[in-house]
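Chain A is fixed; fit chain B onto it per the hints.
For the record, the sequence lines run as chains A and B.
With the first letter of the first sequence counted as 1, position 184 gets the number 184 in UniProt numbering; the numbers rise by one all the way through.
With the first letter of the second sequence counted as 1, position 77 gets the number 77 in UniProt numbering; the numbers rise by one all the way through.
Simulated from the structure, these hints should not be mistaken for lab results.
No experiment lies behind these values; they were computed from the predicted model shown.
Backbone N, C-alpha and C fix where the C-beta goes; we use that ideal spot for every residue, glycine too.
Zero decoy hints are in this set.
Each computed DSBU-like pair below joins lysine-lysine, with the alpha-carbon atoms no more than 30 Å apart:
1) B:Lys346 x A:Lys28
2) B:Lys193 x A:Lys307
3) B:Lys307 x A:Lys193
4) B:Lys346 x A:Lys191
5) A:Lys346 x B:Lys28
6) B:Lys350 x A:Lys350
7) B:Lys346 x A:Lys76
8) A:Lys285 x A:Lys231
9) B:Lys24 x A:Lys225
10) B:Lys307 x B:Lys285
11) B:Lys237 x A:Lys24
12) B:Lys355 x A:Lys346
13) A:Lys346 x B:Lys191
14) B:Lys193 x A:Lys285
Derived coverage of chain A by chain B (criterion: at least 3 residues anywhere in the stretch with Cβ under 8 Å from a Cβ of chain B; other residues may be distant):
15) 191-205
16) 208-220
17) 246-254
Protein chains: 2
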Amino acid sequence: MANQVKKVTARAPVNIAVIKYWGKNDEKLITPINNSISATLSIDDLCATTTISISPMYQADQFWLNGEEQTISENKRLSHCLQKFRALKSEIKDHLKIESHNNFPTAAGLASSAAGYACLISALGSLFGISDSKQLSILARQGSGSACRSVYGGFVEWFAGNDSETSFAAQIVDENHWPSLRVIILIVNDKEKDVPSTSAMKRSVETSELIRHRAENVVPERCKKMREAIKTKDFEKFAELTMKDSNQFHAIAQDTYPPVRYMNDVSWSIVSLIHGYNDFVGSTKVAYTFDAGPNAVLFMEEDQVGKFMIAVNHFFPINQLDCLFRGQPIPKETINQGMIDYLSKKINIKEDSLKGIIYTKIGCGPKIAAQESN
Amino acid sequence: MANQVKKVTARAPVNIAVIKYWGKNDEKLITPINNSISATLSIDDLCATTTISISPMYQADQFWLNGEEQTISENKRLSHCLQKFRALKSEIKDHLKIESHNNFPTAAGLASSAAGYACLISALGSLFGISDSKQLSILARQGSGSACRSVYGGFVEWFAGNDSETSFAAQIVDENHWPSLRVIILIVNDKEKDVPSTSAMKRSVETSELIRHRAENVVPERCKKMREAIKTKDFEKFAELTMKDSNQFHAIAQDTYPPVRYMNDVSWSIVSLIHGYNDFVGSTKVAYTFDAGPNAVLFMEEDQVGKFMIAVNHFFPINQLDCLFRGQPIPKETINQGMIDYLSKKINIKEDSLKGIIYTKIGCGPKIAAQESN
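Extracted from the complex, chain A is given alone in its bound form:
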């Protein structure tokens, strides 16, 4: 009993906001200035995996991220998370070994901290016997704001709240609600330096003269309409709100001083491609959203995937050998020359502008993959 090791492995998903979180009310507690809504992506294609073991034999807490040991004391948010769990279950005194990794390349520029913290919290929850989702969401939020949304599958809303206890996420619908919905991530080759989102967000709150108006007057109505669009599976409404909110988030970044810019010329060509494609087909069949980086996350129903990807492959040809690809095979369709001709009037071909494509769908929340004691 004295040298027993208890071990838990959890997997947790990435989530992509369709109504964006941008701006904190409280930097330490990570409470936001507005509600946000996200889609949880399938764990099969993108996920964080965390294994935690606990044993009276361990001399100290230890943490490895993607194989490299990190100094826990230097990671304030991680230390804070561990303290919170220990405060909740003071009877558990043994040390922990935490190993975390992502199944997607960090070079892809996809926010991995949300999945990472949701995963850590799920594994700790399992180990410490805490299973209340709201409580886990609050704990995840304090690691990385949007991690509180990765605690659930399907579509999720994060309520801004007034303090730490009222700022948590809840599921709007689960991952089985809208089975035809697909997600395609276009990973954009980027040579410019990023502004870390934590500092950029802080600067926006301090300097943008539009951000409060967005938080107080625009987002509440958009969240209401977005919930409704998701519940009724109204793709056109969902798509328009998603695109408008992505645009407004980048508008706020630009209204920051000095300005913050995440979308580059290729991102903008993808925007042109999508509006052009929707114009060509005569209704809104594809939606884009961009996070704090140049990559495009696209939503569409399954029947559009093959047709739309013809356009992507034409205007953004990629070297298949170098390309990162994840997910299911994309359905093959014959080329529609009328569409290509129409889009050629709006955008130019961009060689080697994409680094990879991920084809995925809406998925479940964190899973406990393995539990063992020996």
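Quick look at chain B alone, frame taken from chain A:
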């Protein structure tokens, strides 16, 4: 007497807004949703020239733009302008020959319609005996909104007003007020298609959820501060307001649906260069503003020109043979390696990204260059 020809030649300047005009209250009258403030650029470097002759011998009104005859009836705004003048001076019944051209290439993507209409109105004013600046400003506004500001030199404010008679520009200070101020225009090579600003502006008013907040809550305070900064020649305050307002205008364009984007990757590199340069020297010495296109218009005091252009020449090297250059020679300075090293951390060298450079200053309003009767 019956075959007398009376001829007038006017020259008028380009103006660049430092508090931006974006959005109309009335599409036909061209009254804006907010006040705007501009700097008039020197007529020696950029100007429109219009020659109008009037004679009882002429059978019909005729119009040539940059040497090519245009059909007046197809140009609603021009027809409207001529009607207005004829209504004011109904005793003048003879027909007109109008020849207009710009001394800067249209390919430069610099707004030429403001200079063009201010020039037309000045020449017509001279010919029809109308010299009241307010009245000329109102007439110019109806040709091209911001033309109402090119009726004056120095710094100029356009009052939004409530109707056509109250929406006009007035001079804040004349062209001799701030003699050390310099303007450098970096003309950016651009391969993408532009969205015409008239339609983009209309779409912003219809779809942006931030534009009214900007017009009603942000701009009035900014105009007040800008007037003060100009009157006191407070470069730092002037520069910060100019940059913030340029950023906010592009934020509104991005918040439009579908979004409108004028600044490309090179424009953004210029933004990075300027914030980096200001960081390096420790205070705000250079300001940028971008209109509805990718070109940067920079303001700085004369003592910065040589030092700053070292950085421009390093990071945006141009093929001198192909380069369009106008204005006075730029003072030569020795390279500051510390500055180059510092900026290299923020931006990459962009070969062939500039098409030209214009080095100019604040200038006077329209001039009647020649008047003759024979």
